[in-house]
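Student: Chains A and B, in that order, give the protein sequences.
Each residue of the first sequence is one higher than the one before, counting from 1 in this note's numbering.
Each residue of the second sequence is one higher than the one before, counting from 481 in this note's numbering.
The hints are simulated quantities; they were obtained by calculation from the structure and are not laboratory data.
Accuracy of the hints is not assured; some may be wrong.
[Stated by the list, open to error] Here are the simulated EDC-like cross-link-like pairs (lysine to aspartate or glutamate), alpha carbons at most 16 Å apart as the crow flies: (1) K293(A) with D521(B); (2) K515(B) with E534(B); (3) K635(B) with E394(A); (4) K293(A) with E616(B).
Since the structure is predicted, the reported quantities are computational estimates derived from the model, not experimental observations.
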Amino acid sequence: MADASTGKARRRIPIVPEPGPEQQVRLYAATRKIYPRTIAGYFNNWRWAMVWATQLFFYGMPWLEWGGRQALLFDLASRRFYILGLVLYPQDLIYLSGLLVVSALSLFLFTAVAGRLWCGYACPQTVYSEIFLWVERHVEGERSARIRLDGGALSLEKLVKKWFKHIVWLAMALWTGFTFVGYFTPIRELALAFLQTRMGGWEIFWVLFYGLATYGNAGFMREQVCKYMCPYARFQGAMFDRDTLIVSYDPARGEPRGPLDKGRPAALARARGDCIDCSLCVQVCPTGIDIRKGQQYECIGCGLCVDACNQVMDKVARPRGLIRYSTENGLAQGWDRARMLRRVLRPRVLVYGVVLLALGLGLAASLVVRMPLKVDVVRDRAALARIVAGGRLENVYRLQLMNATEKEQVLRVQAHGLAGLLVAADEPYAVGPAEARWVAVRLQLPAEQAPPGSHPVYFDVGNADGSLHVSEKSIFLVPR
Amino acid sequence: MSDFLHAFWASYVTWATLGGIAACALLLWVTARKKVPLRDDNTTGHVWDEDLREANNPLPLWWVGLFVLTIVFGLGYLALYPGLGSSQGRLGWSAAAQYGDEQAKAGEALSAVYAAYSDMPVEKIAGNAQAHAIGERIFMNNCAQCHASDARGSKGFPNLADTDWLHGGTPEAIVQTITKGRVGVMPPMAAAVGTPDDVRNLAQYVLSLSGRSTDSVRAGLGRSKFTACAACHGIGGVGNTALGAPRLNDDVWLHGFGEEAIVNIINNGKHNVMPAQEGRLTEAQIKVVAAYVWGLSNKPAP
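Isolated chain B (complex conformation):
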């Protein structure tokens, strides 16, 4: 595909390039034939600005050879590589093709590395030092943007180094999460809970599940409202990994700590997405990075 919007520009570039080279050659030819007078004080007799005289310090001939060489090189380059407008050059080289070649070569070299892990269970890969280093690099390049470089996440992005799993922490579940991605949806629940006061009571109850309530009276009043939540979060807020409903009775605060943050979630709901890595990472890469993540909170198999 040509990079030019209009064929005019391709020929414009072609002629400007060739014309420039021709002009250089012409200049060289003219200066090589040109003779200047030489005075006995070794100046050419040319005087500028009253007293600036041009000394005769001729350039050596081999320097002319270098000029000729650049012209020959330039023409050769233009013949072999793209440069003249939309010409592809005799070699048919392109940056994209070279990138593709290098990718293919790197892929080939890498497939040998990954082959060692194809039959190894994730639990065992997690204990392999080389796989750990590869997994860490994949994590840094693909996961750390959200989950942070120490995999402990940030507000809205789960901590992967603890034992609290939204969608299950088995190797299979982790591979599934990375491959297909996950969507976590909590609908706005304000209407189902009741008045704004009820919502605040409920928030205090949720805090009390991890012993962080600041108002035990309100927490007690909120208890009955939790039935609306228990459908997904389970009785007592134990969570449900099949739905991706978080545990509420641990001291983990993915979407914010305190009454205000919880009220906000109950009122507005939450739609949280982990994008699928399928297609961006190969199956082998996903397995290695899954082993890295699993190994953050588990002891690898010997």
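If we strip away everything but chain A, and leave its shape as in the complex, we get:
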């Protein structure tokens, strides 16, 4: 005010001191809290679409029923995974491995094409941070209001706002924890147990554990998780190349940056770049970086700075896309959009895509043709071979019959592989829905039928209508 009243020439106040060559810093830095500003726009809409898509699935899925039971239930206690019509046993681990490989390859593919899409749009850390930020904004206000509130002295308003925010956060976090546990314990029973205050100790523990982890990660840690803890964030850098679409600032167009000055003569204005140095791109960034400094490891590729800059460019009547999804090659050589998109189909992407497609199809096909019956043959640990009436040889096996259907199955065991081989006490075995049953099965061979040694034999297990049939190899021992 003093300057204005004296009418002196405008004085520039440097905000950031020039770093001298002998500046000293510590090895550890205090964390600077980030207050991301809200921004509307194309990429923000995509982010919220992903929030809805992922969270409708996460919160809603455990409540869906499938044929009288929870559609998606990972029953760890009885070691059965129920996924829609499938009943998976621990022996089906290969499908989990397949799923993980497919997920990893998808990450490779998406990252090679368009950078950290997963980080920016779909990762739970991003999604929950977004939801928690939404609450924060509605309770405490927009960025500037939040900065003011945190900087201000303790007041009744501050206390009420903070308390209210944390209560809402905790409620959401606990609901998240509850939903998580609902994937492992039938959620309707869990809800009933909660209402009757008779939840089990471990269930309470995991609700609190997952809930408080959500509260801490989405409420406090936020970008710190991506910057300092997440391994995926680090190794995604290895999948970038010069043709990867990344959020980038176009310095050729933007520099030299400077504030918009309407009174400036047109000739001077043209000497300036399009960047008006409004710092909105920095204010909206959830990791608090300045995209104009180029590609940085903190960038999660969410595109919010693109939305912010486009809005500003619209206002100052400049073309959009000063900050945009572009490639290193594209920026350096001034390629247009079509030329960059053509580069998407490069060998690296094609290889990822083909392998991913092949694996995905293979996984789907193997699930479709999967036989919902498993048989494990274990030779008896005690008796190698015994002699029974008439000097016939007998070997004992324990068969685990695993019924992966949800109906009771009556199974019959037969054997082949040696002439004269027969199953003693050939009887049907009833195995309950999704149950596994151990049965002892004896194979008999007439004396002198086979030379001493071990002979391959096969157990054929199946039901009456032939819809289930499995053949398992074992050996028959003939002692000397």
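Let chain A serve as the given structure and place chain B on it in line with the hints.
Tutor: Same frame as chain A, but now just chain B:
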């Protein structure tokens, strides 16, 4: 009791542990105070291998807090639990004591289950589905090693699922067998029988008792030699459960089938042992597993 051979090692471990923690704390303290120069290109000015420059990406302070937390946790743990040499820790915890506690708790929980069978006769327990499942598990863990998982035995180990009993198949006899164990002895009989030819004839006779003789002439010649065996195995080889002498006139071949196997037993005798389970299994467990075994060849009482 200390796990160390010499008191030196206990103090060595103590000092190495505490020294390690102190070194971590010192390192943390030094690095927290250390300052490095910062250039305007955001590197520290440190260069290795010609062009590797150290960027200034400081660790956040809360991470230091985590380090401090691990030190505090470590010291607390060492104070409460054994870890410093032969120190027992303030809580006096030991793996053996915890195992004992858990055993006692499990025993308490189990005694309630077994209490239901204490007044029930074995014949009735055999018909109880829960007792059958418990009995089967006890059998699998304690008996199946010799008698096989289907209880039909193996060479030298009797079949428990048939009606051929060496020492009697009544519930009482089975409980006795499991509790005290059994010893079956057959002395070498070659001298009492006569020449090796006599022994072979006798073996053919024994085979003929179950209709499995391959040489009826030899079997006939062996008949007179069986008097030496009849003292224990009874006339006609009917067996004697009081002695544990097996029946020879059934089609059960505990120690091998055929002339050669029988000749071998006559010449060398046999000493077979079933170990006593007393002390390994409780009385209640023995009763339940006896019911399981009895139920393999008998119809349980309703």
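Student: For each hint, tell me whether it holds in the structure or not.
Tutor: Okay, the hints, checked on the actual structure:
1. With a C-alpha separation of about 12 Å, the suggested pair K293(A) and D521(B) falls inside the 16 Å cut-off, and the hint holds.
2. With a CA separation close to 14 Å, the supplied pair K515(B) and E534(B) stays within the 16 Å bound.
3. For the given pair, K635(B) sits about 11 Å from E394(A) by alpha-carbon distance, which is consistent with the 16 Å threshold.
4. For the hint pairing K293(A) with E616(B), the CA-to-CA distance comes to about 72 Å; that exceeds 16 Å, so the pair is violated.
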